[in-house]
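Read top to bottom, the protein sequences are chains A and B. Each position in the first sequence, counted from 1, maps to that position plus 329 in this note's numbering. Each position in the second sequence, counted from 1, maps to that position plus 6 in this note's numbering.
The set of hints was computed from the structure by calculation and includes no laboratory data. Virtual Cβ for every residue (Gly too), placed ideally from N, Cα, C. Take the hints with a grain of salt, since some may be wrong.
[What the hints assert, rightly or not] Just the calculated beta-carbon pair ranges, DEER-fashion:
{"id": "1", "chain 1": "B", "residue 1": "N87", "chain 2": "A", "residue 2": "Y390", "range": "22 to 30 Å"}
{"id": "2", "chain 1": "B", "residue 1": "Q72", "chain 2": "A", "residue 2": "P421", "range": "36 to 44 Å"}
{"id": "3", "chain 1": "A", "residue 1": "A406", "chain 2": "B", "residue 2": "H96", "range": "28 to 36 Å"}
{"id": "4", "chain 1": "B", "residue 1": "K69", "chain 2": "A", "residue 2": "Y390", "range": "26 to 34 Å"}
{"id": "5", "chain 1": "A", "residue 1": "A406", "chain 2": "B", "residue 2": "R143", "range": "39 to 47 Å"}
{"id": "6", "chain 1": "A", "residue 1": "R405", "chain 2": "B", "residue 2": "D26", "range": "14 to 22 Å"}
{"id": "7", "chain 1": "B", "residue 1": "A67", "chain 2": "A", "residue 2": "Q380", "range": "54 to 62 Å"}
{"id": "8", "chain 1": "A", "residue 1": "Q380", "chain 2": "B", "residue 2": "D22", "range": "34 to 42 Å"}
{"id": "9", "chain 1": "B", "residue 1": "R143", "chain 2": "A", "residue 2": "V423", "range": "48 to 56 Å"}
{"id": "10", "chain 1": "B", "residue 1": "A67", "chain 2": "A", "residue 2": "A397", "range": "16 to 24 Å"}
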Amino acid sequence: MIQRHPHALLTLYVEGNLPRRQERGVAAHLARCPACSAAVAAMHPLREALQRLPKPTPPPYLARRIMARYDALQRRASFWNGFEAIPRLFQPAVVALLLLITFLLLWPARQESIYEQATKTYAAVYESNGSWTALANDEDALRFVLNQPGEPLQESDHDR
Amino acid sequence: MAYVDEQYELIRAAQDGDRDAVSRLVSIHTRELYSLLLYLCGNRSLAEDLTQETFLRALQALKKYQFRAPFRAWLFRIAVNLYRDERRRHQVRKPVEHDVSDEENMHLYTADPGPDAVAEHNEQVQALHKALALLPRTLRTVVVMRDLQELSYTEIGEALGWPTGTVKSRLFRARKELAALLQPFMEEPS
Numbered sequence: 330m331i332q333r334h335p336h337a338l339l340t341l342y343v344e345g346n347l348p349r350r351q352e353r354g355v356a357a358h359l360a361r362c363p364a365c366s367a368a369v370a371a372m373h374p375l376r377e378a379l380q381r382l383p384k385p386t387p388p389p390y391l392a393r394r395i396m397a398r399y400d401a402l403q404r405r406a407s408f409w410n411g412f413e414a415i416p417r418l419f420q421p422a423v424v425a426l427l428l429l430i431t432f433l434l435l436w437p438a439r440q441e442s443i444y445e446q447a448t449k450t451y452a453a454v455y456e457s458n459g460s461w462t463a464l465a466n467d468e469d470a471l472r473f474v475l476n477q478p479g480e481p482l483q484e485s486d487h488d489r
Numbered sequence: 007m008a009y010v011d012e013q014y015e016l017i018r019a020a021q022d023g024d025r026d027a028v029s030r031l032v033s034i035h036t037r038e039l040y041s042l043l044l045y046l047c048g049n050r051s052l053a054e055d056l057t058q059e060t061f062l063r064a065l066q067a068l069k070k071y072q073f074r075a076p077f078r079a080w081l082f083r084i085a086v087n088l089y090r091d092e093r094r095r096h097q098v099r100k101p102v103e104h105d106v107s108d109e110e111n112m113h114l115y116t117a118d119p120g121p122d123a124v125a126e127h128n129e130q131v132q133a134l135h136k137a138l139a140l141l142p143r144t145l146r147t148v149v150v151m152r153d154l155q156e157l158s159y160t161e162i163g164e165a166l167g168w169p170t171g172t173v174k175s176r177l178f179r180a181r182k183e184l185a186a187l188l189q190p191f192m193e194e195p196s
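Only chain B is shown next, with the shape it has when bound in the complex (with noise of 0.2 Å):
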């Protein structure tokens, strides 16, 4: 069955060549799948590069896609294998600590927090990127997708190629691992 993607016309007309589409569909999806990226492997240089890679692989493929997944999911999956193959390449067990700087978890305050403030979210941030790089790489790839992501069940299964059910108790155990690793952070102060 034909999924029918909101960026249809898009896709069909990246399909046939026209440049302008391409260059859209790239602008719309860089970011998230830079991002899922940045998440797997915690390198900025090499979340590059294979968001790089990733766009290359999808786009000579592109007149393949039938639009039997949501285009975001396919382009998802075309991801992780990557990370998958780089990975068995360099033998990387886990990854490195995560580079999100100061200055990008600034911007979650609307308005000026204050230091003590900005110093407590600091670190339950730096936690957080801890946690989730102690996860093993399919249960964090899993509460990336879902929780940071918003991607449905639906587009998770098809990236990850599970089906829906093993998408949510894999995400149940992600989210139960993170909650233990993270404990001591997420305590509210009494």
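Just chain A, with the same shape it has in the complex (with noise of 0.2 Å):
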């Protein structure tokens, strides 16, 4: 009984990418060697079989967005890149600033958010009230909330 099968000269053998001399061992295998015989013998439809698969297409979006991705990360890249060509030393310093600058830039927006709030309250007051005389007392607050400083309030018909 055979007990050793060539398997890696078999894989070339199927491929027909053996050099004549270890083609002709391994035929003399094969002759003697029903289960490796059987093998090969199957391995040829399936290899054409494979080969006829259709190849997958990726979808035309795939690369585009491979590359807006890398995109991205080359512009966070050269960001860092570009803090660490900072000397060391003064590195605090531009963080500093950094901060100092998105402090400035936020501040107007927390300004915003009090006239926000305000405006709630005084749309809360307008709606449980039905009318802006309610808010006879506090007009120049709400004019400092409408932004509209000097030009009297007037009621709407609505409002009446």
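Both chains are given apart, each in its own frame, so use the hints to dock them into the complex.
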């Protein structure tokens, strides 16, 4: 009984990639080994079928999406590369400066949120009373909220 | 020893940060990478995500690529490792049924094959996909890389971290198991 089967050589044999001398050796083995002979016989149509399998096509947006993410990573990397290019001694100063700029940029947003809060308060009062007259005592504050300094507040027909 | 890749100039330009070269590399390798990952995981959406992730990892590490292995093998190694990680995370034992549309199957015919031939062919394709999905992961990977994607033994060895002798013997095992699974479909009608 054959103890060793030359699987690596059989793979090359099926593909027709063996040198002539080795091919003869494998053919001799196949003549004596029914198991390998049957396996090799089944592999020829299998390889043909596998090679005829359709190659899946990626969706057209995939390459574009990859490049978009690559660009985003590059932008982020260039920011950090720029920071690392600053001498170590000045890096804390740059961080402090960036924090200051961020704070200054966010300040107007904070102011705005105060206005928004006031607007909501007055709107709530208006809704509960159904009339501007309820707000007459705080007219200046309402002008301030509506950003209409100097203009007298007038009741609409609906308010009456 | 450095491996002289046919895309040497392109890879060098990409390593130097040339965006066009990067874009070209992506468009050259997207299809084969996506194809490999689709055959491994059997799910289009996951294959897209893994293809994207593979490229991003590869491009981030591109400067470290030193031509010691073929570029394609290096890329495939990243893809296979990513798929392995994904599989571990989600404990996917077997891929879901392969999702290859009838339209793609039709591309195999250059002339009008007639409805019977199309039906027979589709049946065989479906059987092949099912049999591939039933193969153990390592055997499926090696057979897809060799018989579908036509990678060399060296490339497969580099991508999977195996000696070429192991690639050849596992390929034999993979084909043998696949042939056994497909026996009813491969027999010629008498």
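Do the hints match the structure? See the list:
The hinted window of 22 to 30 Å between N87 of chain B and Y390 of chain A holds, with their beta carbons roughly 25 Å apart. Between Q72 of chain B and P421 of chain A the Cβ separation comes to about 37 Å, which falls inside the hinted range of 36 to 44 Å. For the hinted restraint 28 to 36 Å between A406 of chain A and H96 of chain B, the CB-CB distance of approximately 30 Å keeps it satisfied. Checked against the hint of 26 to 34 Å, the C-beta distance between K69 of chain B and Y390 of chain A comes to roughly 28 Å, which is consistent with it.
A hinted range of 39 to 47 Å for the beta carbons of A406 of chain A and R143 of chain B is inconsistent with their spacing of about 34 Å. The beta-carbon spacing between R405 of chain A and D26 of chain B, approximately 21 Å, falls within the hinted interval of 14 to 22 Å. Range check, A67 of chain B to Q380 of chain A: Cβ separation about 33 Å, and the 54 to 62 Å hint is violated. Our hint of 34 to 42 Å for Q380 of chain A and D22 of chain B holds, since their Cβ atoms are close to 38 Å apart.
The given range of 48 to 56 Å is respected by R143 of chain B and V423 of chain A, whose C-beta atoms sit roughly 50 Å from each other. Roughly 19 Å separates the CB atoms of A67 of chain B and A397 of chain A, a value that falls within the hinted 16 to 24 Å.
Taken one by one, the earlier hints fail for this structure at numbers 5 and 7, listed in ascending order.
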